[in-house]
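Novice: Reassemble the complex: the two chains are provided individually, in unrelated frames, and hints are given to aid placement.
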Amino acid sequence: MDQLIIADKKFNSRLLLGTGKFGSNAEMEDAILASGSEMVTVALKRVDLETDTEQIITHLQHPHLTLLPNTSGVRNAKEAVFAAQLAREALETNWLKLEIHPDPKYLMPDPIETLKATEELAKLGFIILPYIHADPVLCKRLEDAGTAAVMPLGSPIGTNKGLKAEVFLEIIIEQSRVPVIIDAGIGAPSDAAKAMEMGADAVLVNTAIAVAGDPSKMAEAFKLAVLSGRIAYEAKLGKISKFAAASSPLTAFLNE
Amino acid sequence: MTIASNFIDCFSQYDWEEIKASIYQKNEKDVLTALYSTKRNLADFMALISPAAEPYLEQMAQISHQLTCERFGKTIQLFAPMYVSNECQNICTYCGFSFHNKLPRKTLSDQELLEEVAAIKKLGFQHILLVSGEANQTVNIQYFSNAIKLIRKHFANISIEVQPLEEGEYAQLQELGVYAVLVYQESYHRETYKTYHPKGKKSNFDYRLETPDRIARAGIHKIGLGVLLGLEDWRTESFFCALHLDYLQKTYWQSKYAISFPRMRPAEGIIEPNVIVNDRNLVQLICAYRLFNPDVELSISTRESEKFRESIIPLGATSMSAESKTNPGGYAVEKESLEQFEISDERSALIIEKIIKSKGYEAVWKDWQAMQPL
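Protein sequences, first through last, are from chains A and B. Quick note: the first sequence, position 123, residue 123 per our numbering, numbers continuous. Quick note: the second sequence, position 181, residue 181 per our numbering, numbers continuous.
Same shape as in the complex, but just chain B (with noise of 0.2 angstroms):
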């Protein structure tokens, strides 16, 4: 038995078609298996994101309940993205900061970067999440490692979403405090990706698809997953991440892993939804993530409506952003510059907390101590 060195060579032993077809095919039979299960394979997975699961949704969302609280007890950890720029050299069709979107674009200065940090602080936050484009020249690994160090000291705990990096490079920020980096693959559908990423070095499927395995290599705390819905069939989008994730975790098992599910929301300049996942699909899926992993971390961002966030607390989630810019300057500097995406809900951090403890949840603001010199 030879073991799969890359995510590629594990990826390339899967054909799209035959998995879809696979997934629609599942039935109530295949479901009742995955639901009576008690250690869920990735044909439990397919079943439970298949068509033939929708009937029972109560039933996953009663055990997502439940494998959530024995695992992660009746928490949601809060966080903040900070845009750092939106200066971005790619075209993604379905991307409020995408090149061929003619705006004006901006980079936070160390200055600027100090400005955001305090604004943010102030709203109570402890666990920041620093954003950016993909612009090689100017937010590159310097511009990074710079903010990196500027910022630490303000914030327990570090997670970055930035282009994809050099392996050497993600364990330069590692030494520096980076927890977590996030990298979704976007679409796993290859010739989907391409589409949608005709230009700059996204377009490169194979480099984006690797990159886990650089991130995990590096000795990164946690890596963070996901598919962008909307762009493809989600069920079987979600099954290719869903092999992803098992592949890493019995890989790189010494890596946390998250899964976040960005639905595409409105932007300046971009493209309609090739795909509609419906509230009903959303739920589906958070608890299929679930009931197939019992400790991978689901996030849920503020792309999402007041009601879906307030509803989903108890169904799987364990952790939330809050009062969230998606601008580079949003929180203090330059309120009006180009955001990524119209966030939905917009209720200040404070309301997002008390919500949470109505619903009988502890909003934690810290839950990381660095270990290593400042």
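One chain only, chain A, in its complex shape (with noise of 0.2 angstroms):
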């Protein structure tokens, strides 16, 4: 498998993991371990700040791993800017991971909230990943705009549903000039390896793992199933398809 390159930085693993939902940090860790991972978003909201007790962040003190700070919980530009310079601040890194979901219900992303933040970020010197709805001419938008990587969901966060936006991401992975990963809605390893056949950079997945009977065992799954379908893809699936039969053909006037 190649490897995937978002803004100069190379990563081995093709899954990215989200750190929310576990039962417990020793259990978050266990999973991210086994899933083979090299890079997790940890919510901003979840660090703290103040005081150095126990916390997310030492569950994810590994060499391999890169943080991704999200800024889970902002509703507009404005806040996800603030949120971007606390995060840069508190986990001394430039890499962003973009939620702006004023809607508490779905957690649908905002695309204007989130083209005006990634336009202002990008200029702050931000590596943003955009965590956005399957929206072809958005995604060539944040292009424009300077955003390092894609991340349309697969369906609405947290609902296991798989890739029910899967016209709209194989338009996304043939225009995109810059990495796309798949993010939200990845329920089970078959989603992952399909998407990754598709010809998707990446695959995000948290909630399919982290509820699962057994986190870790499920991390290695979703491993396997990345890798296979990041193989499958360079190896080049065979379609089935059939040539019509041609009546009269439509190549004959060159043996005149």
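Calculated directly from the structure, the hints in this document are not laboratory data.
With a straight-line Cα cutoff of 30 angstroms, these simulated DSSO-like cross-link-like pairs (lysine-lysine) come out:
1. B/K39 / A/K10
2. B/K256 / A/K140
3. B/K39 / A/K140
Specialist: What follows is the structure in structure tokens.
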């Protein structure tokens, strides 16, 4: 499998993990290690900026792990820029998963505020990975604004419904000049494999692992699925289709 | 990952000889992979233009036909070129307008432009392609702006094929109502390019290569690309043209794109083609473009023979010129002035329309409405 490159940083794993919803920090840490992931998101709102007590960050101190702070909880571009700066200070990284969802029920990402925030944050030197709808035009607008990758959703976040947005994801993958990481909705290793076979550069999984009966085992299953899907993509899938039998060949004139 | 900010950055990552070797090494398996795939990439395009794809030409034509029908319907757009000047300071050894060709030159005056317009309108055309040589002292942005202002109320859609201009100049023409700009690289082989374009502003390979970037940044609706078939290995040339298309489409995603297939034609005082591109090769190339890019417009000029033009209609073409004159004043003002090349299909636009209809296709004369106030 070839490496994933985002903003000049290379990754050997194409599986990103979210760190929410686990039964305990220890369980989360085990799952991350079992997944082989090299990049995990961590919600800024969960990082205790004041005290040094045992907390989520202490379980993420592994040399192979890149931390990707996310702005979950912010409702607009202004709050996102503020959160990004806090995250940069607290976690000493300019990498950022930009999430703006003013809608607390479905956590639908706000495309207008996300674009605005991306424009501003790119100027401030952030490496931005925005969580967005599977909207091909928005992806191109974000590219123009200087995003490092795009993270379109497969289905509403937390639903485990798989790749409901498949037809739009295909268009995004075809057109994109930055890595496409499919985020949200991936409910089973088969969804992850499918996303990778389609040509996604990576997937982000959280709920499906965190709430599994055995999160570590499920993390390993996802690791294998992502690897398998990617290798299949690189090997080029054979497609089943039929050529129409030509009743009057279109190229016969060349023989006349 | 850094995104190329102009095509030169992208282009310089590729080596001509490596690409050529890679195309000629493609095998049957690569071709089948490309044929069966639903989304095809540049590697697939290479397989489809390779010698290995030649036995699969009929299959390619069938898929090309199907994709074109899905995207464009059974339609062929008609347009006419209007040559406004054959003055040229460039030496291009294949071109009738070349500076070294010591023949009388002509640039249309305002009155002559309008006479030509009237003659072209009479033939039925609403889409026009304004063409010139490169004479920056006389046929420049001022000339083009004036010409566009004069003719725009007479045509629904105006394209231009003139010397490369600056971004601001393209923006100015866009404001005036120019819909599309065509600029062919002629050759993507740096050294070959230099051989055929030894003198004049056109000898600057990089400036020409960056022109579509400038056109796109100026907000022009459609950009036309192409290589002059006959200068260098057509397969390798076409790979680079497809790479250019791919780069532009991903970078300037709001623009439309078109490919033309100029094959070298006889003209006064020019050289013979270095490479022969036969009909079979050209069909393969047209179908390969369609399979690679279902959305790109493919244009066939009157350089091609009657039989070829008739047969190519269901194979992936989307636009055609007809009854073309390739000399300034050729429609009305001065029918015998120096022409750029001899056309092959001299039939009238009305006959071409009939032929298009007889193939079960609709000839489209108007397919645009300018949104700028005149």
